[in-house]
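> Which chain is which? The protein sequence lines are A and B, in order.
Our numbering applies: residue 19 is where the first sequence begins, and numbers increase by one.
Our numbering applies: residue 232 is where the second sequence begins, and numbers increase by one.
To be clear, the hints were calculated from the coordinates, so they are not data collected in a lab.
Fair warning: there could be bad hints in the mix.
Calculated cross-link-like contacts (lysine-lysine; reagent style PhoX-like; alpha-carbon spacing at most 20 Å) [what the hints assert, rightly or not]:
(1) A/K112 with B/K238
(2) A/K201 with A/K269
(3) B/K238 with A/K110
(4) A/K274 with A/K201
(5) A/K269 with B/K324
Okay, the calculated beta carbon distance ranges per label pair [said to hold, decoys possible]:
(6) A/L271 with B/G364: 28 to 34 Å
(7) A/L197 with B/I491: 31 to 37 Å
(8) A/L124 with B/N401: 22 to 28 Å
(9) B/I370 with A/K112: 26 to 32 Å
(10) A/T52 with B/G364: 24 to 30 Å
(11) A/L124 with B/L426: 27 to 33 Å
(12) A/T270 with B/E270: 53 to 59 Å
Cβ atoms here follow ideal geometry from the backbone N, Cα and C, with glycine treated the same way.
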Amino acid sequence: MKKSKSLFVVTLLVYVFLIGPLLVIMAASFSDTTYLKFPGEGFTLRWYQQIMQVKSFGSAAKNSIIIAFGGTFVALLLGLPAAYALNRYRFKGKELIKSLFLSPVLIPVIVLGFVMLRYVVNRFKLPALPSLLIGHTILSIPYVMRVVTSSLANFDFSMEEAARILGAGNVYTFFHILLPNIKSGIVSACIMAIINSFNNVSLSAFLTSAGVSMLPIEMMAYVEYHFDPTIAALATLLMVITLGVMLVIEKTLGLKSVV
Amino acid sequence: MLEKKTKIYWLFILPGCLFLAFFMLIPLFSLLFKSFVDEGGRFSLANYFALFESTYFKQVFLRSIRLSLTSTVVCAFLGFPTAYYISKYSKNKGVLMALAVFPMFTSPVIRSFSWMVILGKKGIVNDLLVKSGIVSKPIGLLYNEFSMIVGFIQLFLPLMILSLIGIMDNISEDLNLAAGSLGASRLGTFRHVVLPLSIPGLVTGSVLVFTGCLTAYTTPQLLGGTDTRVLATMIYQQAMSLGDWTQASVVAVVMIVVTIAVSSVINGISRKLNPTI
Numbered sequence: 019m020k021k022s023k024s025l026f027v028v029t030l031l032v033y034v035f036l037i038g039p040l041l042v043i044m045a046a047s048f049s050d051t052t053y054l055k056f057p058g059e060g061f062t063l064r065w066y067q068q069i070m071q072v073k074s075f076g077s078a079a080k081n082s083i084i085i086a087f088g089g090t091f092v093a094l095l096l097g098l099p100a101a102y103a104l105n106r107y108r109f110k111g112k113e114l115i116k117s118l119f120l121s122p123v124l125i126p127v128i129v130l131g132f133v134m135l136r137y138v139v140n141r142f143k144l145p146a147l148p149s150l151l152i153g154h155t156i157l158s159i160p161y162v163m164r165v166v167t168s169s170l171a172n173f174d175f176s177m178e179e180a181a182r183i184l185g186a187g188n189v190y191t192f193f194h195i196l197l198p199n200i201k202s203g204i205v206s207a208c209i210m211a212i213i214n215s216f217n218n219v220s221l222s223a224f225l226t227s228a229g230v231s232m233l234p235i236e237m238m239a240y241v242e243y244h245f246d247p248t249i250a251a252l253a254t255l256l257m258v259i260t261l262g263v264m265l266v267i268e269k270t271l272g273l274k275s276v277v
Numbered sequence: 232m233l234e235k236k237t238k239i240y241w242l243f244i245l246p247g248c249l250f251l252a253f254f255m256l257i258p259l260f261s262l263l264f265k266s267f268v269d270e271g272g273r274f275s276l277a278n279y280f281a282l283f284e285s286t287y288f289k290q291v292f293l294r295s296i297r298l299s300l301t302s303t304v305v306c307a308f309l310g311f312p313t314a315y316y317i318s319k320y321s322k323n324k325g326v327l328m329a330l331a332v333f334p335m336f337t338s339p340v341i342r343s344f345s346w347m348v349i350l351g352k353k354g355i356v357n358d359l360l361v362k363s364g365i366v367s368k369p370i371g372l373l374y375n376e377f378s379m380i381v382g383f384i385q386l387f388l389p390l391m392i393l394s395l396i397g398i399m400d401n402i403s404e405d406l407n408l409a410a411g412s413l414g415a416s417r418l419g420t421f422r423h424v425v426l427p428l429s430i431p432g433l434v435t436g437s438v439l440v441f442t443g444c445l446t447a448y449t450t451p452q453l454l455g456g457t458d459t460r461v462l463a464t465m466i467y468q469q470a471m472s473l474g475d476w477t478q479a480s481v482v483a484v485v486m487i488v489v490t491i492a493v494s495s496v497i498n499g500i501s502r503k504l505n506p507t508i
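Here chain A stands alone, though its shape is the one from the complex (with noise of 0.2 Å):
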């Protein structure tokens, strides 16, 4: 027992490091001081209330959640029959395109987002939102390929076969056979690349225009000029919803279908 005690101490440390400055953002949120402190002074909630009267934040968030929701959207109606075809039939190739689908984790996001604005957003005039849309559209669909295909391994396709011999339609069979077989591989997924998409920055960063931006990216700014406090509130709110998301995760999926 005594190596695991030393063990122990070790553990408790680590998690010291990785959740003590979390805690320590939450903590300087409501410090009655006009800069972040920590240990802070008094208490206020008036932080929270600056966080609406920073103007680019709203509209920042908006896009976030409309790029996030959106991108994923549409790499699950990109993504989901590539990998329900590729779980399906045999043929030529199949490994190439599955390794397309995945590629995109491998490419560095850094240089995604710098090629996207090179030679798709400059050379078409792509407005930001399309271009946003489109670039976290690449992001997800690692994740809905990934999840879905493990989730399809385990589906039995004699159960579609078994639907059609008794009548079932084509469309009747994939929404009442196939996707309740694979709905949790589905949500698990989405949760996963909606959260990457909204805390994305590196492809951000490059697809953002002068009256478009995205949350994190108006964030960094925001830190890079003040110090106060706002944005320890607008930070302690985004990790109380994301502790929420966990929770409801833990809940109904279990937490480790998703990671």
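Dock chain B against chain A, hints included.
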């Protein structure tokens, strides 16, 4: 019966393929192609020679490798005992796993920013240093390689821990007991049983941490200074601030090559050492 409908799968696959080809592959190949061409449109390595002759780039490149390597090694040393404890001894495994996942779901902007609060001139670390008399006035702990490494480790340590737990969970307790009953000491069991069997997790984790550090943009942008640029911040600076698209492209190609080389070489070596992976 399946064979009759053979071609229908292309209908399922094609939209995604075209999307990725058009918005990702063609741009990537254009990047690669353009980087090997001079202003007159002829094949040339001039862009690469120019880059590798620049002392600025050499510094940035070596700094990127050095910081990523240091962070990976520290993550391995911190992650290994932590994962081992969680996998073999902990009673609250679920909670500890969730606490490791939580930072991964939190924005890198928030995580890097938290270190700006802690390591700043008015931060708690400087407070303690001054109060305890180790230094007479607050020292600059931010915007240097130290703060970047701290940020990187906090960013990517969960990946290392989770990769290791995944592997360690599969090491049967029977093996440890067997080694013990055959006379191996605890250290001996660890060295000859646990450590070798955990190597696949260590490899996966190290590749993830290294490539993560090498390509991270937010952390070096917030915690690094202007004289501690790395590859990712250099690409952004060249393209967006200096408008030097050619040099940004060449740096981007270098980054892709290093990332893919590192992950395939390390994974290849580990597959050779342990063909069962």
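> For each hint, tell me whether it holds in the structure or not.
Now for the hints, and whether the structure bears them out:
1. A/K112 with B/K238: holds, 13 Å
2. A/K201 with A/K269: The hint holds at about 16 Å.
3. B/K238 with A/K110: Roughly 12 Å between the alpha carbons, so the hint for B/K238 and A/K110 holds.
4. A/K274 with A/K201: holds, 16 Å
5. A/K269 with B/K324: holds, 16 Å
6. A/L271 with B/G364: 28 to 34 Å: violated, 53 Å
7. A/L197 with B/I491: 31 to 37 Å: holds, 36 Å
8. A/L124 with B/N401: 22 to 28 Å: Holds: the Cβ-Cβ distance is about 26 Å, inside 22 to 28 Å.
9. B/I370 with A/K112: 26 to 32 Å: At 58 Å between Cβs, range violated.
10. A/T52 with B/G364: 24 to 30 Å: With Cβ atoms ~29 Å apart, the hint holds.
11. A/L124 with B/L426: 27 to 33 Å: Hint holds: Cβ distance 29 Å, inside 27 to 33 Å.
12. A/T270 with B/E270: 53 to 59 Å: holds, 58 Å
The structure is inconsistent with the numbered hints 6 and 9, although it conforms to all the rest.
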